[in-house]
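Going down the list, the sequences are from chains A and B.
Numbered by the numbering used here, the letters in the first sequence go through residues 1 to 458 in order.
Numbered by the numbering used here, the letters in the second sequence go through residues 1 to 458 in order.
Note that these hints are calculated values from the structure, not bench results.
Take these hints with a grain of salt, some might be off.
Result set (DSS-like, lysine-lysine): computed pairs, CA atoms no more than 25 Å apart in a straight line [as the list claims (entries may be wrong)]: (1) 162(B) with 162(A); (2) 162(B) with 164(A); (3) 404(A) with 69(B); (4) 177(B) with 164(B); (5) 250(A) with 5(B); (6) 250(A) with 250(B); (7) 427(A) with 164(A); (8) 5(A) with 25(B); (9) 246(A) with 5(B); (10) 246(B) with 250(A); (11) 246(A) with 69(B); (12) 427(B) with 162(A); (13) 279(A) with 404(A); (14) 423(B) with 162(A); (15) 162(A) with 164(B); (16) 246(B) with 5(A); (17) 427(A) with 162(B); (18) 250(B) with 246(A); (19) 177(A) with 451(B); (20) 423(B) with 69(A); (21) 127(A) with 187(A); (22) 177(B) with 177(A); (23) 279(A) with 246(A); (24) 250(B) with 69(A); (25) 162(B) with 423(A); (26) 5(A) with 5(B).
Residue strings, one per chain:
There are 2 protein chains.
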Amino acid sequence: MEIRKVFLTESEIPRQWYNLLADIKLNPPLGPDGKPVTPDMLAPVFPMNLIEQEVSSERWIDIPEDVLKVLNIWRPSPLIRALSLEAYLDTPARIYYKNESVSPPGSHKPNTAVPQAYYNKVFGIKKITTETGAGQWGSALAFACSQFGIECKVFMVRVSFKQKPYRKSMMETWGAKCVASPSSETKAGQDILATHPDTPGSLGIAISEAIEAAVTDTSGQTRYSLGSVLNHVLLHQTIIGLEAKKQMEKVGEYPDIILGCAGGGSNFAGISFPFVYDKINGKDIDIYPVEPAACPTLTRAPFVYDHGDTARYTPLLPMHSLGHAFVPPPVHAGGLRYHGMAPMVSQLVAEGIIEPKAVSQLDAYAAGVVFARTEGIIPAPETNHVISSVIAEALKAKEEGKEKVILFNFSGHGLIDLVGYDKYFSKELTNFALSEKEIKAAEKVFENFPKPELLKSR
Amino acid sequence: MEIRKVFLTESEIPRQWYNLLADIKLNPPLGPDGKPVTPDMLAPVFPMNLIEQEVSSERWIDIPEDVLKVLNIWRPSPLIRALSLEAYLDTPARIYYKNESVSPPGSHKPNTAVPQAYYNKVFGIKKITTETGAGQWGSALAFACSQFGIECKVFMVRVSFKQKPYRKSMMETWGAKCVASPSSETKAGQDILATHPDTPGSLGIAISEAIEAAVTDTSGQTRYSLGSVLNHVLLHQTIIGLEAKKQMEKVGEYPDIILGCAGGGSNFAGISFPFVYDKINGKDIDIYPVEPAACPTLTRAPFVYDHGDTARYTPLLPMHSLGHAFVPPPVHAGGLRYHGMAPMVSQLVAEGIIEPKAVSQLDAYAAGVVFARTEGIIPAPETNHVISSVIAEALKAKEEGKEKVILFNFSGHGLIDLVGYDKYFSKELTNFALSEKEIKAAEKVFENFPKPELLKSR
Chain A
1 MEIRKVFLTE
11 SEIPRQWYNL
21 LADIKLNPPL
31 GPDGKPVTPD
41 MLAPVFPMNL
51 IEQEVSSERW
61 IDIPEDVLKV
71 LNIWRPSPLI
81 RALSLEAYLD
91 TPARIYYKNE
101 SVSPPGSHKP
111 NTAVPQAYYN
121 KVFGIKKITT
131 ETGAGQWGSA
141 LAFACSQFGI
151 ECKVFMVRVS
161 FKQKPYRKSM
171 METWGAKCVA
181 SPSSETKAGQ
191 DILATHPDTP
201 GSLGIAISEA
211 IEAAVTDTSG
221 QTRYSLGSVL
231 NHVLLHQTII
241 GLEAKKQMEK
251 VGEYPDIILG
261 CAGGGSNFAG
271 ISFPFVYDKI
281 NGKDIDIYPV
291 EPAACPTLTR
301 APFVYDHGDT
311 ARYTPLLPMH
321 SLGHAFVPPP
331 VHAGGLRYHG
341 MAPMVSQLVA
351 EGIIEPKAVS
361 QLDAYAAGVV
371 FARTEGIIPA
381 PETNHVISSV
391 IAEALKAKEE
401 GKEKVILFNF
411 SGHGLIDLVG
421 YDKYFSKELT
431 NFALSEKEIK
441 AAEKVFENFP
451 KPELLKSR
Chain B
1 MEIRKVFLTE
11 SEIPRQWYNL
21 LADIKLNPPL
31 GPDGKPVTPD
41 MLAPVFPMNL
51 IEQEVSSERW
61 IDIPEDVLKV
71 LNIWRPSPLI
81 RALSLEAYLD
91 TPARIYYKNE
101 SVSPPGSHKP
111 NTAVPQAYYN
121 KVFGIKKITT
131 ETGAGQWGSA
141 LAFACSQFGI
151 ECKVFMVRVS
161 FKQKPYRKSM
171 METWGAKCVA
181 SPSSETKAGQ
191 DILATHPDTP
201 GSLGIAISEA
211 IEAAVTDTSG
221 QTRYSLGSVL
231 NHVLLHQTII
241 GLEAKKQMEK
251 VGEYPDIILG
261 CAGGGSNFAG
271 ISFPFVYDKI
281 NGKDIDIYPV
291 EPAACPTLTR
301 APFVYDHGDT
311 ARYTPLLPMH
321 SLGHAFVPPP
331 VHAGGLRYHG
341 MAPMVSQLVA
351 EGIIEPKAVS
361 QLDAYAAGVV
371 FARTEGIIPA
381 PETNHVISSV
391 IAEALKAKEE
401 GKEKVILFNF
411 SGHGLIDLVG
421 YDKYFSKELT
431 NFALSEKEIK
441 AAEKVFENFP
451 KPELLKSR
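Model the full structure from these sequences, guided by the hints.
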């Protein structure tokens, strides 16, 4: 029988994360005064142990035993050879995917939610606040907080809160509190509600509310948590790629092409960074982050300094950005609707080490349906994007008659986001084409900000 | 680090199913004439290779390579030590669960859907019909049919079809057709619609429609498929217990107590039958099927001959039954709302080899929430029932100061059934107490049927 699924045993689980900051240069985040942010300035928002990870340049960072114990509920995750998809495409390419959908909330997000909850716990924090759009991140943090006995409060973008009542049920089942954002619980929320009572909400507003709720808690025992973009978040996700590398070795393979979908950048970073290390050290690999054409941060937006949130509470981050005021079109891949991109991923694109691709909503769903009917697992709307590019690469390999080895991250299943498939089948979904004019207009918000340097890591 | 998750490698996957029919006696199914049904009589409904399995008394039956290849997408499934639940209960018991929720549709159902689709394919069948209540079985068969290129038609109980539109989306994503039952596509459906246009539908009606749709297809290339109750279905599920046995051995354990929730009986049979074999051969194990108190087939209904469906299309089966006309109260565990019980499971209860338990809806949800907040996985409403009994056994072990080893089947996750949790938290759920009078009234329908013999296997 041909090998379909490659396991690692419990004893083979990686015990350190890989920190790409040891191997690339990054522009520093800047404060309101245009000067680099110091760790102290972030202390009201994050616990100091996570801030230390954020700025660390150690190449290998130990994963605490108590974190491993929780990750072990579903990790090591399986690496699966997409034999049926290969047969369907009649390609000489060998396609492998890392199945991150086997986590309790169904995505890769708990890989960082668990250590974040752990480090907050160790630091004496009693409560974590966060925002969530489609709900994957809020669910993951709710799950993680329940594992460490920490209170969790999630501000969920109002329109999603209404469209997806069961995401709230998930969070509540894990003991978290979830409210629609804008809420009347924060000044940021009250201000918006006063002027726009019928607003559908946005990730930017929700981030503002979550940060405000954390920093204004006078007990000093509340902190904020972010599910992507930041260095320590990407660090935690590298367990995906480190496991995949071991699993590929077990079957005598090494990837020619690596792909992950990219919204904030964390699942793409997770699968690819351990291989980016190899590429920096001379390996010949093509590495592709895949984003939605409706929110083309890496493929069409410049590399600039911009804020991580609409309300400009966060420092200026060096990243590809469509502008902090940009409201992405309502594609169903809520996890990819972000105006910016992780600074580390942005830096790799700026240096030409990785090469971004963009996929339209309809192409993404078409690919997802092919995957479901061949490989059997229904992908999350976000994951559909990477699958579309995987299929394109496999067909290219066929055209060229090359036995390419393709590895991608199957970031999550779509069982809680079937509404998108429903609309796809009833032909209610459309693509969203952004004009250059719209993009230029959105980008206006950062034109007077400092510019990041074009650093070269190699 | 304490071992939490026990894997089997791909090469350790069981290559044969265990057939309990080699080791127990069973009353035969009876036709309308009161005489045993012959394989030929079932030929319009099922393909002959599955009928042969249904009546086989071979102890070990080979799993075809093409079936293994599909099962391998998620199998071997992990065996997990419930360390956090143990700690929460402060019990000396060691609790292990087999995580069947990692399959693409999220439950144990594909373990039989895949071989059923395969055997139909091999027999030349082009289309399979079935019914579904809550949707787990319909989804699993849709998935399995997509893997073998077979058309799939699902009649879904109307009330569930309306309440759970995303179950239909799942089936459609896998390429199946799903209609609300009663439908206008069958005579059985038309008859009901003519007299009861507003009926919410029932599993009984849906089964009648699915069987009719299969046997009236003049091409001769359509057959019907059932997701529980029958011998070959239970046979296919034994891969769960066979894997669990190997996994327990790996960590030097053997269970004192084995539990599974029971509706039709297949997931309970899957985890327990390989151990029932041991018990018949002298091992001291307590084996408990756990059913909902609202549909107390094993705990309160007699062992009789009754039909498997309301419309009496099926042969008479020897089973514990509340009567084929019994409409179970609307508990959220749709998968456990069945008037009868698998003949093999019924026979084991009749002989005292296994001992049934019943759990109320509210106790089940309370247990599910405890499990979600300790072990991290949100259980299906059906699975909540077995968890309630597991917790009771673990607390009993604590009282008695005994280091019991408990094994149970985690039959599915609840991510597509969060509506039940939603209602639980908002206190909209209630228990359903059936009076003796109600049960006696329901049982009236089979009082003039033949009676099964009290066979003794040991």
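TODO: Please work out if residue 246(B) and residue 250(A) have their alpha carbons no farther apart than 25 Å.
DONE: The given pair, whose Cα atoms are some 23 Å apart, holds under the 25 Å limit.
Task: Hint consistency between residue 423(B) and residue 69(A) [alpha-carbon to alpha-carbon, up to 25 Å] - done: Judged against 25 Å, a Cα distance of about 32 Å means the pair is violated.
Task: Restraint status (C-alpha distance of residue 427(A) to residue 164(A) at most 25 Å) - done: Roughly 20 Å separates the two Cα atoms, so the pair holds.
Open item on the list: Given the hinted pair residue 127(A) and residue 187(A), is their Cα-Cα distance within 25 Å?
Closed with: holds, 19 Å
- [ ] Decide if the proposed pair is consistent with the structure: residue 177(B) and residue 164(B), CA atoms, cutoff 25 Å inclusive.
- [x] The given pair, whose Cα atoms are some 15 Å apart, holds under the 25 Å limit.
Open item on the list: Holds or violated: residue 162(B) and residue 162(A), Cα atoms, limit 25 Å.
Closed with: holds, 19 Å
Open item on the list: So if I understand the rule, the pair passes when the alpha-carbon distance is 25 Å or less; does residue 162(B) with residue 164(A) pass?
Closed with: holds, 17 Å
TODO: For the pair we were handed, residue 427(A) and residue 162(B), check the Cα-Cα distance against 25 Å.
DONE: Given that 25 Å is the threshold and the Cα spacing comes to 20 Å, the pair holds.
- [ ] Sort out whether residue 164(B) lies within 25 Å of residue 162(A), counting only the CA atoms.
- [x] holds, 17 Å
TODO: Please work out if residue 162(B) and residue 423(A) have their alpha carbons no farther apart than 25 Å.
DONE: holds, 16 Å
Task: Pair hint residue 279(A) and residue 404(A), alpha-carbon separation not exceeding 25 Å - done: Given pair residue 279(A), residue 404(A) holds - Cα atoms ~17 Å apart, limit 25 Å.
TODO: Decide if the proposed pair is consistent with the structure: residue 250(A) and residue 5(B), CA atoms, cutoff 25 Å inclusive.
DONE: Between residue 250(A) and residue 5(B) the Cα gap is close to 20 Å, so the pair holds against 25 Å.
Violation of the numbered hints given earlier is confined to hints 8, 19, 20 and 22; the remaining hints are satisfied by the structure.
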